[in-house]
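Listed here are the chains, written in short residue letters.
Number of protein chains: 2
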Amino acid sequence: MRIAVVGLGLIGGSMAKSIKARTAHTVYGADLDRETLTMARMCGAMDAPLTEENLPQCDLVLVAICPGAAIQWVTDHADKIAKSAILVDLCGVKRVVVEALAPIAAAHGFAYIGGHPMAGKERGGFTAATDDLYEGASMILTPDKRTDMQLLETLKDFFLDLGFAGLTFSDPAEHDRIIAFTSQLAHITSSAYVKSPEAQKRRGFSAGSFRDMTRVARLDENMWTELFLDNTDYLTAELDTLIHHLTEFSQALRARDPEQLRALLRQGREMKATAGGN
Amino acid sequence: MRIAVVGLGLIGGSMAKSIKARTAHTVYGADLDRETLTMARMCGAMDAPLTEENLPQCDLVLVAICPGAAIQWVTDHADKIAKSAILVDLCGVKRVVVEALAPIAAAHGFAYIGGHPMAGKERGGFTAATDDLYEGASMILTPDKRTDMQLLETLKDFFLDLGFAGLTFSDPAEHDRIIAFTSQLAHITSSAYVKSPEAQKRRGFSAGSFRDMTRVARLDENMWTELFLDNTDYLTAELDTLIHHLTEFSQALRARDPEQLRALLRQGREMKATAGGN
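From first to last, the protein sequence lines are chains A and B.
Taking UniProt numbering, the leading residue of the first sequence gets 1, the next gets one more, and so forth.
Taking UniProt numbering, the leading residue of the second sequence gets 1, the next gets one more, and so forth.
Worth double-checking, as some hints may not be accurate.
Repeated chains share a single entry, so a pair holds when one copy, or any two copies, can fit it.
Claimed, not checked - Each computed EDC-like pair below joins lysine to aspartate or glutamate, with the alpha-carbon atoms no more than 20 Å apart:
#1 K156 with D132
#2 K20 with D47
#3 K201 with D240
#4 K20 with D161
These aren't lab readings, by the way, just hints derived from the structure by calculation.
Here chain A stands alone, though its shape is the one from the complex:
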């Protein structure tokens, strides 16, 4: 296939690197940053820059930029995309993006499906991108009534070739609701956690739990602000739930109540056992 990768940050850059390292597909890359484009060419992560001339030849278009920019890019380029092509956006929220892109795709006759690769790291940008980022990860897709099975089979083969463990299907609202908890809330908690003045004092007093708790505080505030604002309903509900459960601990500690503390911790242990994720 000829594949356009729009945006060569951590997600798009890792797509490009994985495609070139693991398949025989051709990659045309686009990025606003010229240096990134040069690096991507030099390290073999793409075959050539994406242009007005080769975009119409692409069989697959992966859009790996922020939601607003993704909607804008597709709006601007829809008439250059072949009717036989499949477009997949890789944005971290799905309702706002799918609502905007599905009608554009329908109007122009190309296939569209929302996507979200469940992989990431605390460092962003092309230099952090790797050809093994997606190994063992799940690829979320949001098919709708227009999606045909042949397209899903094509995408399944493609994403498994990149190292993904499998596809997970969802609708945009379910995706956004779950991701508010599994990813967005984790980033907010990490950022809030590290703000204790204690974090700036002595080192040598921490082990794995502090490192894990604060790892993703190192985030791109522009991207995450946009993702959070596209998901405020689900995200504020999850924040309320977390604050409620923290407050239960605070009350049990202030009451010096061992039975209640033990019950709260046991409940968490049992819920972790059935929640998975190690």
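Since the structure of chain A is provided, determine the placement of chain B on it from the hints.
Just chain B now, with coordinates in the frame of chain A:
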């Protein structure tokens, strides 16, 4: 040296395994669980059980059980400990333990210093113990006016032999204040985080951030209840701080305020950069 290891759980078991794997010292082990003692002998983590007969011959006594049990054990065995011996407790809180043990040691003439190895994992018990748990970790010690330099040199050589990266000195109150943030709050947050009903629904929607955020929710509720109750003052203050910072995010989200959200995230990123821990 002849070394007594009292308690062969994750911490004491890893001490015994590290000593036998990395040094020529003799280990006498004690544990309430007979099966653990048998396992420890069979896998070479100790030379013999600790007895009333060999305790007086020990040069170093490591007490790796919960605070209340540690105080009770030392109270019961103080008259069997040689005046030339060094006793180090490995409890996760230091004020309550040091206040109880320092006078007993002074009265009986043996040296005592509080300790806390900065290493752990979400699984406990002897079977989770390993001979590399302490590799690269820092060993916190709480020396006082009675502590002599020769003793610290002996302990430094000993702990470096086990793989520790170095010693960190503190007083019990500073230790408890910092640990409330770097370790105890992380365990509470992890436990609170996983209690969202969302955690029990579909899988396939999570990557590293969810795993890291909830890893230590798998904890021993009896041990942590005791550790938390010995540190309620510092711990409730840290919980208040975290809830405050989470509430700031909640307010900015509800106001749909991109500038405030960006500022809150930037502040977290900058504080993470100077806080260390990856």
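- Query: Any of the earlier hints contradicted here, and which numbers?
  - Reply: Those not satisfied: there are none.
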